[in-house]
Amino acid sequence: MKESNYENMIFVQGGKYQPSFADEEKEVFDIEVCKYLTTQKMWTEVMENNLSAFKGDNKPIESITWWEALEFCNKLSEKYGLGPVYDLSKSTQGILMIKELGGEIVYPDVANFKNTEGFRLPTEVEWEWFARGGQVAIEQETFDYTYSGSNSINEVAWYDRNSGSKTQDVGLKKPNQLGLYDCSGNIWEWCYDTTENIENGKSYTCKAFDSSNIYRRLKGGSWYEDDNVCTVRCRNYAHAIDANDVVGFRLVRTI
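Residues are numbered in this note's numbering as their position in the sequence shown, beginning at 1, plus a constant of 91.
Treat the hints as calculated values from the structure; they're not laboratory data.
Any given hint could be a false lead.
Dumping the calculated SDA-like pairs for lysine to any residue here, alpha-carbon to alpha-carbon at most 25 Å [claimed, not checked]:
id	residue 1	residue 2
1	K93	G270
2	K126	D317
3	K205	S111
4	K93	T233
5	K257	R326
6	K181	N149
7	K93	K170
8	K205	E115
9	K146	D317
10	K205	E195
11	K205	D317
12	K181	E287
13	K132	F102
14	K181	D200
15	K170	E98
16	K170	N96
17	K126	E230
18	K181	V137
19	K257	N149
20	K257	Y328
21	K166	L179
22	K126	G193
23	K166	E230
24	K170	W158
25	K257	E246
26	K107	E232
27	K126	E115
28	K166	T233
29	K132	K181
30	K93	D121
31	K107	D200
So the derived label-pair ranges between C-beta atoms look like this [claimed, not checked]:
id	residue 1	residue 2	range
32	E139	N245	31 to 39 Å
33	L179	Y306	28 to 36 Å
34	A144	E169	35 to 43 Å
35	E139	D235	40 to 48 Å
36	G105	I196	24 to 32 Å
37	G193	L142	29 to 37 Å
38	D121	G193	29 to 37 Å
39	D114	D148	28 to 36 Å
40	Y306	T183	28 to 36 Å
For every residue, glycine included, the Cβ atom is placed at its ideal position computed from N, Cα and C.
All chains should be built: construct the whole structure from the sequences, respecting the hints.
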């Protein structure tokens, strides 16, 4: 297992699989994934604010918009001397551009995240791959678990029956096969994708993120949801400018 230079980031080997939402195999390249949901401590050290409804350093940050999550990714990248992934200069118009290595700024429908190095949100293809345990789980024959790391939700997730109607500190439940915590339950995770159907022949959904594409994909379920919604296969979405106490995010980066 490769060691990361960045705190709490875990190497996740890429591979090919058929996501539950696609009708063909998709390829995931090697990435690093944060073992924890982004915590309020992580957030406040970079953003110097905290609008979370459920306060606590080790609780996941929530009540932040998709655009604010992208801003955090960029600022954290700059903190570590990595090239930021997102061009947010037109974010007020609802337009996103992607910064590739070498200085090229491209529309999301032609962007290649393999040509980036900074922190970013996972695509839905990436999220389902690491939530299900990736290549490790395939080799263990545990890739088809209902929840991330288990068929028993109470082992791995905070949800409506055990959460006490609030978020919980990250990392208290059993991790999945890759050592990732809380992929099921605790807080919904913003993904990069819009809600447009994934295109055949492409590994990633990369629509031109203009103001007509207002919804973004959510995965994983939350403290508020029942067991049927906290599965790795369940899909949800929210408006990119909405902030809700059931929604946060997890960091990934290309290596």
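Pairwise hint evaluation, E98 against K170, where the allowed Cα distance is 25 Å at most: 13 Å, holds
Proposed proximity, K170 with K93 (alpha carbon, max 25 Å): 22 Å, holds
Whether the CB-CB distance between E139 and D235 falls inside 40 to 48 Å: 43 Å, holds
Distance restraint between K257 and R326, which requires alpha-carbon spacing of 25 Å or less: With Cα atoms ~21 Å apart, K257 and R326 stay inside 25 Å; holds.
Pairwise hint evaluation, D317 against K126, where the allowed Cα distance is 25 Å at most: 23 Å, holds
Given hint W158 paired with K170 - CA-CA distance at most 25 Å: 19 Å, holds
Hinted pair K166 and E230, Cα distance within 25 Å: 37 Å, violated
C-beta pair D114, D148: status relative to the range 28 to 36 Å that was hinted: 43 Å, violated
Outcome for the supplied range 29 to 37 Å, where the beta carbon pair is D121 and G193: Once the Cβ atoms are compared, 20 Å apart, the range 29 to 37 Å for G193 and D121 is violated.
Satisfaction of hint between V137 and K181, Cα-Cα up to 25 Å: Judged against 25 Å, a Cα distance of about 22 Å means the pair holds.
Distance restraint between K146 and D317, which requires alpha-carbon spacing of 25 Å or less: Satisfied, since the Cα-Cα distance of roughly 23 Å is no more than 25 Å.
Verdict for A144, E169 (Cβ pair) under range 35 to 43 Å: 28 Å, violated
In the structure shown, a violation is registered for the earlier hints numbered 6, 11, 22, 23, 27, 28, 29, 33, 34, 38, 39 and 40, in ascending order.
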